[in-house]
Amino acid sequence: MTDNQLTPAELKTLAFFELADLPSEIDPAHFAKLLSLAMLEQKEGGPVLTETGRARLAMGASPLP
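Quick note: to get the numbering used here, add 121 to the position in the sequence shown (first position is 1).
None of these hints come from the bench; they were simulated from the model. Careful: at least some of the hints might be erroneous.
Unchecked claim - Pairs of lysine-lysine, DSS-like flavour, derived with a Cα cap of 27 Å:
1) Lys164 to Lys133
2) Lys133 to Lys154
3) Lys154 to Lys164
This one's a predicted model, so the numbers in the text were calculated from it and none came from an experiment.
Based on the provided sequences and hints, a complete structural model is requested.
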């Protein structure tokens, strides 16, 4: 697996950011990876999905080598 691929758990975490109400607990390692891959952007009102994040969600499950 390369660094830009997401595990099913990371993909699930990314999908949470499509919801109006985020869960109270987000895995900090998943959050950090999603920020580093520019799938999330930290804004004044909280984190939001980027175009990259939306595109990744549209792809579905991570392709594994």
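Now the hints, each set against the structure:
Restraint check for lysine 164 and lysine 133: satisfied, since their Cα atoms lie roughly 21 Å apart, inside the 27 Å limit. The straight-line distance between the Cα atoms of lysine 133 and lysine 154 is roughly 13 Å, inside the 27 Å bound, and the hint therefore holds. Distance check on the hinted pair: lysine 154 and lysine 164 sit about 17 Å apart at the alpha-carbon level, within 27 Å; holds.
Going through the hint list in order, the structure satisfies each hint without exception.
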